[in-house]
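S.K.: Take a look at the letters that make up each chain.
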Amino acid sequence: MSLYNIFDIAGSAMSSQTTRLNLVASNLANADTVSSSTNQTYRSRQPIFATVLQDTMGKSQIASKGVKVLGVVESQAPLREEYAPQHPMANEDGYIFKPNVNVVEEMANMMSASRTYQNNVEILNTAKQLLQQTLKIGQ
Amino acid sequence: MATTINTLFGVHEHALKFRSQRAEVLASNMANADTPGYKARDFDFKSALKQLGEPARQLKVSHAKHFSTNSSASSVSLSYRVPTSASLDGNTVDAQSEQARYAQNALDYQTSIRFLDGKISGYLSALRGE
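The listed protein sequences derive, respectively, from chains U and E.
So in the numbering used here, the last spot in the first sequence is 139, and the numbers never skip.
So in the numbering used here, the last spot in the second sequence is 269, and the numbers never skip.
Don't take each hint at face value.
Stated by the list, open to error - Listed below are the simulated DSS-like cross-link pairs for lysine-lysine, each with C-alpha atoms no more than 30 Å apart in a straight line:
hint, chain 1, residue 1, chain 2, residue 2
1, U, 128, E, 185
2, E, 156, U, 136
3, U, 136, E, 258
4, U, 128, E, 178
5, E, 156, U, 128
6, E, 156, E, 258
7, E, 258, U, 128
To be verified - Chain E regions said to be covered by chain U (calculated; three or more residues, Cβ under 8 Å):
hint, stretch
8, 159-166
9, 174-181
FYI, nobody ran anything at the bench for these hints, they're computed from the structure.
Using N, Cα and C, we set each Cβ at its ideal position, and we do this for glycine too.
Using the sequences and the accompanying hints, generate a full structural model.
M.R.: Structure below.
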């Protein structure tokens with residue numbers, strides 16, 4: 001029954017979006033972390049989504065497609081360098097390093113993730129209702 | 140009325156199957172709304188209906204080692220949606236229109252259920268002679 005597969009598909013999307021939300025939270029929490037060297041500085045972390053192919057419709061057609069997080073990559077954007085000789089974390093040249101997290105971008109990311117999550121919850125609910133009605137056929 | 144048990148429910152039985160498969164495809168589209176490079180897919184209802192009207196073109200199996208052929212309504216081919224607007228990451232899912240299609244498909248599914256329900260209660264009352 002195809003409607004059962006929707007639970008898997010929407011579930012995989014919800015778990016992927018949760019990972020994305022987690023990363024947004026991590027990025028925002030560390031947006032102002034200061035360090036004294038480039039190696040120790042937090043870098044913005046982003047998920048990579050990929051389609052999961054499942055052959056649920058027989059041999060030839062691949063219809064069911066969930067989504068998974070292929071991995072998490074660190075942004076290669078340049079770190080923010082600041083000259084602050086009074087700062088306790090400043091290095092010998094008087095510089096401190098701040099993460100390359102773009103707060104506005106992360107907020108937009110968060111909204112997109114939460115909307116997609118809500119969307120998938122609705123899909124799941126609709127599929128559940130349809131299945132319940134199907135079970136009641138002929139009663 | 141020449142009714143065999145196979146054709147008792149008419150087209151609605153196949154319609155229900157088709158609708159549930161389409162719901163799956165549309166759910167896949169929406170699950171991949173943020174996946175780079177994903178291409179939205181859909182069934183063509185017209186060709187599905189046409190295929191149903193035609194007699195099943197099934198290959199004859201004359202040997203035990205032949206592959207069996209599947210000639211059910213599920214053999215309707217999936218096609219790719221023509222994107223309304225281009226996106227940088229190559230994704231062609233328009234979440235809003237997919238949502239609308241999913242809602243419409245759910246309603247059509249419920250319609251098929253109602254038709255089936257009506258048929259069943261009709262047959263039941265005919266059997267009981269009410």
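S.K.: Can you tell me if the stretch 174-181 of chain E counts as covered by chain U, using C-beta to C-beta distances under 8 Å and a minimum of three residues?
M.R.: Since three or more residues must qualify, the claim that chain U covers the stretch 174-181 of chain E holds, with 4 doing so at under 8 Å.
S.K.: Next pair to validate is residue 258(E) with residue 128(U); report whether the Cα-Cα distance is within 30 Å.
M.R.: holds, 24 Å
S.K.: Is residue 156(E) close enough to residue 136(U), meaning Cα to Cα at most 30 Å?
M.R.: holds, 16 Å
S.K.: Are the Cα atoms of residue 156(E) and residue 258(E) separated by 30 Å or less?
M.R.: holds, 17 Å
S.K.: Holds or violated: are the alpha carbons of residue 128(U) and residue 178(E) at most 30 Å from each other?
M.R.: Within the cut-off at roughly 26 Å; holds.
S.K.: Is it true that the CA of residue 128(U) sits at most 30 Å from the CA of residue 185(E)?
M.R.: Answer holds: residue 128(U) to residue 185(E) is near 27 Å, not above 30 Å.
S.K.: Between the stretch 159-166 of chain E and chain U, are there enough contacts, at least three residues with CB-CB distance under 8 Å, for the coverage claim to hold?
M.R.: holds (count 6)
S.K.: Compare the distance between the alpha carbons of residue 156(E) and residue 128(U) with 30 Å, and conclude whether the hinted pair is satisfied.
M.R.: The hint holds at about 16 Å.
S.K.: Residue 136(U) and residue 258(E): Cα distance at most 30 Å?
M.R.: holds, 14 Å
Of the numbered hints stated above, none is contradicted by the structure.
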